[in-house]
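J.: Protein sequence lines correspond, in order, to chains G and Y.
Residue 472 in the working numbering sits at position 363 of the first sequence; the count goes up by one each step and never skips.
Residue 375 in the working numbering sits at position 266 of the second sequence; the count goes up by one each step and never skips.
It is worth saying that the hints were derived from the structure and are not from the lab.
A quick note: this is a predicted structure, and the numbers were derived from the prediction, not measured.
Hints are not guaranteed to be accurate.
No more than 27 Å apart at the CA atoms, straight line, and that leaves these computed lysine-lysine pairs for DSSO-like [what the hints assert, rightly or not]:
| id | chain 1 | residue 1 | chain 2 | residue 2 |
| --- | --- | --- | --- | --- |
| 1 | Y | Lys489 | G | Lys244 |
| 2 | G | Lys498 | Y | Lys237 |
| 3 | Y | Lys498 | Y | Lys400 |
Here chain Y is said to cover these stretches of chain G; the calculated rule only asks that three of the stretch's residues, wherever they fall, bring their Cβ under 8 Å from a Cβ of chain Y [unchecked claim]:
| id | segment |
| --- | --- |
| 4 | 146 to 156 |
| 5 | 352 to 364 |
| 6 | 454 to 460 |
Glycine included, each C-beta is placed from N, C-alpha and C at the ideal position.
Protein chains: 2
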Amino acid sequence: MLGREEVVTVEKALELIFKNCSPALPPEVKIKIEDFYQRILARDICSPEDLPQFARSTVDGFAVASSDTFGATEGLPSYLNVTGEILMGEEPSLEIKKGTAAKIATGGMLPKGADAVVMIEHVQQADKKMIEVMKPAAPGENVIQAGEDVRKGDLIFKKGHRLRPQDAGALAGIGITEIFVYEKPIVSIISTGDEIVPAGSRLKPGQVRDINSFNLAGLISEAGGNPVKQGIFSDEYAVIRNIVEKSLGDSSMVLISGGSSVGTKDMTAKIINDVGKPGTLFHGVSIKPGKPMIGGIVNNKPIFGLPGHPAAITVCFEQFIEPVLTKLTGLSENKFKGRKSSVTAKMAKNIASSSGREDHIRVALEERGSEIWANPILGKSGLITTLVKADGIVVIPLRKLGIEQGEVVEVRLF
Amino acid sequence: MLGREEVVTVEKALELIFKNCSPALPPEVKIKIEDFYQRILARDICSPEDLPQFARSTVDGFAVASSDTFGATEGLPSYLNVTGEILMGEEPSLEIKKGTAAKIATGGMLPKGADAVVMIEHVQQADKKMIEVMKPAAPGENVIQAGEDVRKGDLIFKKGHRLRPQDAGALAGIGITEIFVYEKPIVSIISTGDEIVPAGSRLKPGQVRDINSFNLAGLISEAGGNPVKQGIFSDEYAVIRNIVEKSLGDSSMVLISGGSSVGTKDMTAKIINDVGKPGTLFHGVSIKPGKPMIGGIVNNKPIFGLPGHPAAITVCFEQFIEPVLTKLTGLSENKFKGRKSSVTAKMAKNIASSSGREDHIRVALEERGSEIWANPILGKSGLITTLVKADGIVVIPLRKLGIEQGEVVEVRLF
């Protein structure tokens with residue numbers, strides 16, 4: 110037999126990559142907090158001040174000395190004289206003395222002498238000046254104390270944290286409007302193949318357009334990287350080696366798409382070996398689609414040779430490239446952030462799988478009453494439309510021989 | 110009692126909004142396919158051509174006439190004369206005649222006379238010119254036929270579809286490099302409150318910075334809208350009415366943040382009523398945090414008055430604003446696209462809830478062995494850090510009186 114090669118498991122392939130690569134953290138760049146999307150903090154952030162800086166009411170009502178309300182009931186209310194109203198955004202000039210209260214709105218600053226707020230719902234107007242408080246207020250009730258949200262000096266974010274909308278709000282709250290984040294890692298995409306032409310081209314017989322670089326660029330962007338298309342190159346050693354060396358210099362990761370013919374595959378693996386150490390780490394993975402995947406490290410930079418089939422691109426990206434790219438972004442490990450969503454469904458058809466390979470089945474989802482069913486999209490992995498019709502992917506593990514109709518599966522959504 | 114008001118359920122509130130609003134689809138804008146992220150197609154797309162335009166090999170091997178291989182076995186192989194090699198990207202000049210084969214790589218164009226490809230793994234080299242085929246090839250085996258991926262005229266995308274990376278690839282494949290998508294709906298954010306100052310300001314006693322407009326702008330962007338901060342305005346009828354009217358003219362949706370004091374709330378509801386029909390539809394919702402939420406429609410445009418507490422902003426956005434905004438983007442309904450991810454966890458503490466309101470509990474997740482536990486973040490909804498510390502939200506439904514320690518819950522991740 111010609112062209113047989115040893116394959117490794119997905120787990121082993123990733124282990125080889127991570128063992129041989131200790132990438133430096135990306136350089137820092139200063140951004141405005143409103144541009145937080147997909148950004149990862151490059152420095153710890155401690156609060157420069159208390160938030161809030163003064164005791165505030167959390168309700169609409171009356172600022173009181175709590176001791177004035179002890180024992181108050183509907184039958185035997187406390188009577189308090191309203192001596193004024195707290196103006197929003199200003200330091201109150203009035204003071205709460207025994208037997209008095211001041212009208213206060215949510216967010217208003219507590220006046221001197223007040224240690225609680227009685228909700229407007231627990232108050233009746235006795236006359237123009239006097240209120241009846243019908244429920245006692247405990248000290249601190251309906252009040253956010255100065256520094257209760259954040260204390261000056263508190264560590265509120267660790268570096269490596271991916272920012273969310275509420276985090277931008279918190280930063281605004283403590284007066285931080287600019288932050289240092291990591292630059293997004295540049296990922297070079299090299300398209301190879303004498304048959305590949307740009308998407309805008311008219312086709313001659315034998316030619317196809319460059320589908321994969323568009324799919325890859327989108328996947329890279331969504332995973333927090335900065336995709337750079339290096340162009341389409343012909344399958345010649347000197348040409349590919351030249352653009353691979355240039356790309357390794359310019360970027361944090363290099364992807365070579367296409368080059369899936371036997372001669373070209375061997376050439377890609379040879380180039381990865383020739384341009385630096387340790388070179389090619391695996392050549393063939395027990396996964397379908399995606400078996401011809403090549404992975405290596407050159408001078409601490411990950412470099413992958415991807416099979417040419419569109420469905421293999423998506424599966425190999427999720428399994429190999431995304432975990433490695435995530436590490437390059439500087440993100441701290443947190444299983445619960447940026448996780449892909451999934452749904453539980455029932456498989457609509459029997460699906461066979463070979464032991465010894467991980468099968469990634471594209472599925473379209475269908476609601477039948479209250480149940481979700483997953484219809485496998487059967488079709489060659491060379492067909493881009495199998496991905497277009499699919500809502501997500503079901504994985505059949507290495508040692509499982511298939512999935513039966515009606516079996517419950519987890520669908521990782523696109 | 111003063112200030113009591115009737116509240117509606119979340120379901121009823123949304124029903125009122127959708128019943129009173131039939132927004133027009135957003136205008137179209139032409140973009141390059143590489144800028145697909147978060148974009149929604151404004152037109153159906155039919156393929157202008159077949160994909161691929163010729164029969165292609167899906168493997169590395171030899172193009173053959175399948176009839177020449179019938180009955181071939183390892184013991185009794187078919188012997189074929191190799192008359193040449195198919196060059197990638199070119200129309201083959203050679204023809205497969207009885208008893209001949211041509212070397213072909215994955216993606217190569219099938220030559221005349223060939224109807225199948227024998228994988229290189231099933232072939233042995235007999236001599237320089239001759240191969241032994243050890244397994245029969247069925248007609249069409251290892252071949253993608255012309256038009257098998259997409260047929261000319263096929264509807265491949267319907268308008269209202271949100272584009273994904275593989276969709277950009279498919280469009281590139283059929284030579285479409287520019288598409289019409291919907292413009293992102295503009296959502297105006299009006300911050301109100303005499304105590305609110307811009308994030309960059311130094312604080313005087315009684316003042317706080319504008320946290321909520323940063324949180325809201327981020328949430329709007331992530332949901333596919335285009336946030337426009339109109340600024341911070343003082344709680345005066347004429348001032349707020351003026352900016353509300355301007356914003357209704359400029360945008361597809363208007364959010365008024367703050368104004369949560371009783372007087373201001375009433376003012377917000379009055380302004381929504383005064384500027385157009387049908388005006389305010391609800392004022393108070395049975396949800397915690399978020400009860401003081403106001404919703405209305407003015408001239409077919411949704412307008413919301415949001416409570417000032419940061420945690421209420423996030424909950425109200427997810428419950429009311431995001432579903433309405435999604436409709437304004439032109440997205441077709443598909444439950445499985447753009448769905449938030451969630452995890453199943455066990456509640457780490459007993460949590461009480463009142464019947465008759467939907468409680469949205471912020472939780473931080475923790476791994477204990479193979480289990481995930483959800484620790485409720487207890488703290489006033491006015492504290493932005495309760496959101497910063499949380500990984501997601503657990504909902505206690507209207508009629509449930511709480512969650513017991515160890516009970517299994519679904520956590521909607523941020």
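J.: So, for every hint listed, does it hold in this structure?
T.: Hint by hint, here is what the structure shows:
1. Note on Lys489/Y and Lys244/G: the hinted pairing holds, with a Cα-Cα distance of about 20 Å set against a maximum of 27 Å.
2. Using a Cα cut-off of 27 Å, the hinted pair Lys498/G and Lys237/Y is violated, with the two alpha carbons roughly 45 Å apart.
3. Proximity of Lys498/Y to Lys400/Y is assessed by CA-CA distance (about 22 Å); at most 27 Å being required, the pair is judged to hold.
4. Requiring three or more residues with a Cβ within less than 8 Å of a Cβ of chain Y, the coverage given for the segment 146 to 156 of chain G is violated, as only 1 such residues are present.
5. Coverage of the segment 352 to 364 of chain G by chain Y is violated in this model, with 0 residues showing a Cβ closer than 8 Å to a Cβ of that chain against a need of three.
6. Taking a C-beta to C-beta cut-off of 8 Å, the segment 454 to 460 of chain G contributes 0 residues in contact with chain Y, too few for the three needed, and the coverage statement is violated.
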